[in-house]
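Colleague: Taking the hints into account, I'd like the entire structure generated from these sequences.
If you read the sequence shown in our numbering, its first letter stands for residue 1, the second for the next number, and so on.
Hint data in this document are derived by calculation from the structure and do not stem from the laboratory.
Where hints are given, some of them may not hold.
Below, computed lysine-lysine pairings styled on DSS-like, alpha-carbon distance capped at 25 Å [what the hints assert, rightly or not]:
no., residue 1, residue 2
1, K102, K242
2, K242, K155
3, K82, K102
4, K82, K100
5, K100, K242
6, K247, K155
Restraint ranges, calculated between C-beta atoms of paired labels, are given here [as the list claims (entries may be wrong)]:
no., residue 1, residue 2, range
7, L136, L13, 44 to 52 Å
8, Q58, L13, 17 to 25 Å
9, S109, R26, 50 to 58 Å
10, H261, S18, 51 to 59 Å
11, R26, T269, 33 to 41 Å
Don't be surprised by glycine CBs; every beta carbon is placed ideally from N, CA and C.
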Amino acid sequence: MRERNVSRAAEILGMTQSGASAALRRLREAIGDPLLVQVGQKLVPTDRALDLVQPLEQILADVKVMLDPPEFDPQSLERRFKLWTVDYVLLRMAERLLPKLKETAPRASVRFVDLSTKDLDISLGRGDADLAMVPLTVKPPESQIISSQFLFRDKFVAVVGINHPLASQEAITAEQVPHYRWIAFHSGIDDWGPRRQRAFAGYGPEISPVVQVQQLSTLPFLAASTDSVAITLLSAVEPMLKFMPLKILELPGEAVEQEIHLMWSAVHTQDIVHRWFRNLISEVACDKVE
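Modeller: This is the structure in structure tokens:
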């Protein structure tokens, strides 16, 4: 209608002239009006065609708004994000996430909630939480309703109080392991027992901890206040070093690692705000030096 020339209209639309002519013919049949009539060397719009110009321009403008990515300014974002995670991941992430959030989205907030592994994929799918930061041991298989992304890799270490006989060392040897009392993590929903035993594989009898707890974040406190050696993840103890008299020791043998993954409902994958927050979480995870 704007060009009033089939050849030029076809070129703009990326069509052949015959394709544009066929499209015009279908429009004429659908609307019941010639729309454009030949007058000399020009195509002249009919009254019906002129009446359609304004509503069509509005429709096309609305479609463009629908298809174009919406504008998003984190500085004006007012939203509370709900994150499921476990205590030691919170320890690692929160101290980096909160300053970043204050800087980039000062009106946004985050609610951390203890991770529940029961029907995790179903719960995320129905929107019970925005994201879950989960150990690989409790990560459900990939599905059409759940998406995931690797965040970081953690490792098991030993921790003792600063006055412990082992505190003068950088690592504990295989020969020393059986001579000390150990405290460790255990959960009824997360199979960490085999992972803990893999940290001691290859020497001596199987280690049987004298104390087991369900919160990794409590192990540094127990190590600092007793003569026991705690086996825990690096992320659970590193933030404590600023406040507690602790020494981290490498375990003997090959390091046993634990992967942490970010999970969310696939319906949010293309959401601009959700994508921004996922990128922020990923950036924070990479910021932390392992």
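Colleague: Each hint: holds or not?
Modeller: Okay, the hints, checked on the actual structure:
1. K102 to K242: holds, 23 Å
2. K242 to K155: Distance ~20 Å between K242 and K155 Cα, so the pair holds.
3. K82 to K102: holds, 16 Å
4. K82 to K100: holds, 17 Å
5. K100 to K242: holds, 21 Å
6. K247 to K155: holds, 16 Å
7. L136 to L13: 44 to 52 Å: Roughly 50 Å apart at Cβ, these two residues keep to the hinted range, so it holds.
8. Q58 to L13: 17 to 25 Å: Given range 17 to 25 Å: holds, Cβ gap about 20 Å.
9. S109 to R26: 50 to 58 Å: holds, 53 Å
10. H261 to S18: 51 to 59 Å: Once the Cβ atoms are compared, 53 Å apart, the range 51 to 59 Å for S18 and H261 holds.
11. R26 to T269: 33 to 41 Å: holds, 36 Å
Checked against the numbered hints listed earlier, the structure breaks none of them; every hint is satisfied.
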